[in-house]
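Asker: This is what each chain is made of:
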Amino acid sequence: MNPSIKMLLALLIAVEVSFTQSWSVNLILVLGSLIWLIAVKVAPRKIGLLFLVPILPAIAITISMYLWTDQSVHFILVLVTRIFAYVFVGSVATLTTTLQELILSLEQNAKLPSKFAYGFLGAFNLIPKIINEVAIIRSAGRMRNQTMHFWSPSLYFKAILASLNWSENLAEAMTSHGFVEDVRRTHYRIIHVPHHNYYEFGAILVVLQLLLFATPLP
Amino acid sequence: MNIFKAWHLRDIITLALISIFFGVIYWVIIPLYNGLTIALTPIGLGPAANDILMGVWVMAGPLAGYMFRIAGSATLGELLGSVVEMFLGGQWGASTLISGIVQGIGSELGFTLTGYKLYNWFSLSLSVFTTTVVTFGWDMIRNGYNKYHIGLLLTLFLIRLVSTFFFSGVLVKLIMNLLEKSHILAPR
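The listed protein sequences derive, respectively, from chains D and W. Per this note's numbering, residue 1 is the first one in the first sequence, and the count goes up by one each step. Per this note's numbering, residue 1001 is the first one in the second sequence, and the count goes up by one each step.
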């Protein structure tokens, strides 16, 4: 499925289940996403992690609701399965697409201006460097006996300084390679949205509405 | 579209890089969030961990709004931060993205209400307040906060307000002071 369509679909479903009160439909979404993930051969270790990750918040919310409200088991079950539905539906969008594919598709299929698309791409390519930079800033601080916590203004200050420096370099590099803002670009690799993607998109949403509103599922 | 016109390549990259830095910092404190949740769960206050740390998750919005002074920058900053967190493998999946949009709109509102003309303590505090209200409203729907008894609900709201005020208000202002003192944000 086209990355833009997939992301939109995941977002719409996540928004909708935020308002609905059916734990069985939440479970069906989890199951459907699971089948999708297995079908496109996502690494089993990653799928396994999806089961573990929501457990803590799920337990927290269960105990909290049990102790502090007089809600029925049904409501608690809805909240718990909702957390799992979020994680699984979201993973169909994130684990089956790279960030790069998503951005390029947003540019070509969703009219994202190319200065944003390529600006983001350039920046996102620096993610490993940024993770490194945060570690460097913190250890540089420790050498001067300053511990940088996440509430230290200087940690963020230094991060912003690095961002300003790098963005200057990156923008100049892109310009010198011929990138011009607000000009129509041609594409070497054209990303199509196959017609059947629209049908699949519509069909999934229709089935979800039917499950939610036309069946007596709890 | 007109709102895109105000943005130039360099600003876009700067904003994206700053959001990524924040995304990485959000991601680094996930263990703290988990620890807090575990500690608070036995007394049934596990979800309060979210309110305690809310100020950190929403920092990128007010900072970007204050720094770039362009309509939409707070929303965009917060949204990009959440995209990064999501792709780095944050624990919330697609809902990270929705939270990012909700938080971004929340902090944007504060600057919108002052017509993008006022950048001082007042507009920042306003942004803190709108962020708290909007995100809390969202949690009332999504996490069933509306079912809590009124006393607990008010406590959670206050915790969130204090946290947001500290991180997105005081801390953002301190960071901005450092930036202003260094004269690095000279008009381009």
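Hints may contain errors.
Each computed DSBU-like pair below joins lysine-lysine, with the alpha-carbon atoms no more than 30 Å apart [said to hold, decoys possible]:
| # | chain 1 | residue 1 | chain 2 | residue 2 |
| --- | --- | --- | --- | --- |
| 1 | W | Lys1181 | D | Lys111 |
| 2 | W | Lys1117 | D | Lys129 |
| 3 | W | Lys1173 | W | Lys1005 |
| 4 | W | Lys1117 | W | Lys1173 |
| 5 | W | Lys1173 | D | Lys129 |
Keep in mind the hints are simulated off the structure, nothing from the lab.
Asker: Hints first: check each against the structure and report whether it holds.
Answerer: Against the structure, the hints:
| no. | hint | in the structure |
| --- | --- | --- |
| 1 | Lys1181/W <-> Lys111/D | violated, 39 Å |
| 2 | Lys1117/W <-> Lys129/D | violated, 35 Å |
| 3 | Lys1173/W <-> Lys1005/W | holds, 28 Å |
| 4 | Lys1117/W <-> Lys1173/W | holds, 17 Å |
| 5 | Lys1173/W <-> Lys129/D | holds, 27 Å |
In this structure, the earlier hints numbered 1 and 2 are contradicted, and the remaining ones agree with it.
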